[in-house]
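A.B. asks: Each chain, written out:
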Amino acid sequence: MTDTLQPTKVDIQPTQDLTLWLEIFETQSRYSHAIDADDIETWPSFFTEDGVYTIVSRENFDRGLPAPILHCRNQAMMRDRVIALRNANIYEEHRYRHSTPGPVIISRDGDTVTTEMSYIVVRTGQAGDAEIYSAGSYHDTLVKTDQGWRYKERKVVYDTSRVLTLLATPI
Amino acid sequence: MTDTLQPTKVDIQPTQDLTLWLEIFETQSRYSHAIDADDIETWPSFFTEDGVYTIVSRENFDRGLPAPILHCRNQAMMRDRVIALRNANIYEEHRYRHSTPGPVIISRDGDTVTTEMSYIVVRTGQAGDAEIYSAGSYHDTLVKTDQGWRYKERKVVYDTSRVLTLLATPI
Amino acid sequence: MTDTLQPTKVDIQPTQDLTLWLEIFETQSRYSHAIDADDIETWPSFFTEDGVYTIVSRENFDRGLPAPILHCRNQAMMRDRVIALRNANIYEEHRYRHSTPGPVIISRDGDTVTTEMSYIVVRTGQAGDAEIYSAGSYHDTLVKTDQGWRYKERKVVYDTSRVLTLLATPI
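Chains as they are written, first to last, in the numbering used here: chain X, 1 to 171; chain E, 1 to 171; chain Z, 1 to 171.
Check the hints yourself; a few may be wrong.
For identical chains, the list gives no copy identity; a pair is met inside one copy or between any two copies.
[What the hints assert, rightly or not] Below 27 Å or equal to it, Euclidean Cα-Cα: the simulated BS3-like pairs (lysine-lysine) are:
(1) Lys144 - Lys155
(2) Lys9 - Lys155
(3) Lys144 - Lys9
(4) Lys152 - Lys9
Since the hints were derived computationally from the structure, they do not count as laboratory data.
Note that the structure is predicted; figures quoted are calculated from it, not measured.
Based on the sequences and whatever the hints tell you, model everything.
C.D. replies: Take a look at the structure:
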């Protein structure tokens, strides 16, 4: 009989490759800045040409249901998204500010790495009032290219459902 | 007579050991992730066997009063805490998201280092509404082990008193 | 005729000098800590003697209007500011907690570097209730000195207008 009141200890290990951690973190800093600085034209460039970007609720993610609120199957679709946002004039009305505690390296296989990271996004409207727009986690696969690390898949899983606009903005 | 209107300049120095800063920051990223990813069974493993974990209000901390809302004197007590939280089913009802501006190295003596770091924790309930659950600072003593840096003492000093549940969750 | 629906791809590059990124980030961590730990006497020391510190609204910044809510033309003025804040007893009534996604290096010319970085500041009052006090971005010029990187110019551009006090505190 196993003692259910004394679970076995969980083993943890530090990240062996601190340089990798640093590179992933620095990539995220530039990614956050692209969105926060209203420079979303740059946003698709953080992905590979065949990169996939998805925003899905925590509930659906945990149940294995798809039903994302945003799904771009490649970089071209992301560029289309940017055009749609600019035409709708929705994006410029708000300012977004990302913050994170830094990435966690889940696995590495050569030039491919999977990572996870919590995020908090604060949004300020034109009246100057701030709110927590979204809190959740990134679930990423990155590949090393000649231009540095790029997202091959970035899945945004949001806890907070303040996404009320018809046209979801990238997180 | 000293001139009270012109205080002497305060001298500051950059951290000499950037690798140490990086290691402490990366440790915090994994610590935050353990809590944020609802993987709290891993949480005690970030401490030494005799590690001490305390959550105390800013007010009591500043006055030197003990009266913590949570005090674990060793890793075994932390594992008990995890079991209690799981049995109470309180923990899973919320999602936590940490964020920090990075650690500050206060002192180093061989394989022991003391650090401080601000934190913000956002909590999202099942209704999908986010709030600032806790804001405050970590006051830590870490020791270098064969498995990387471990907390020998982690004191969480919270400014924000939204801790209303009977069973406080780790921060 | 250019295709306005397919904008040319934006080229991005990773930061070549990760050590620089690390040094700037670590400097910001200590800067945030000085304010968050109520150690604002240290705050002016993060600047060069002739360093300039400005807090300006996003609206004015975008329009190129000056009208900052706080403008210190050198370190001595910052020390005066600290004295004013201490005498007014406004500062100690609140606790501030910074958070950022990390810096972005915009340009480097020898020992001078320009950077940008989003920030979120949470403030907790004496009643223990937290709010997003300010969200915005830092626009900085730093120079390398014998005591590490110092701000030659730090411009705080805030999105969020919760700055209601007559005597603005440093961010």
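A.B. asks: Taking the hints in turn, state whether each one holds.
C.D. replies: Evaluation of the provided hints:
1. Lys144 - Lys155: Classified as within; 18 Å inside a copy, 34 Å across copies.
2. Lys9 - Lys155: between (30 Å within a copy, 22 Å between copies)
3. Lys144 - Lys9: between (35 Å within a copy, 19 Å between copies)
4. Lys152 - Lys9: Between copies only: 17 Å across chains, 34 Å inside a chain, cut-off 27 Å.
Hint compliance for this structure: no hint is broken.
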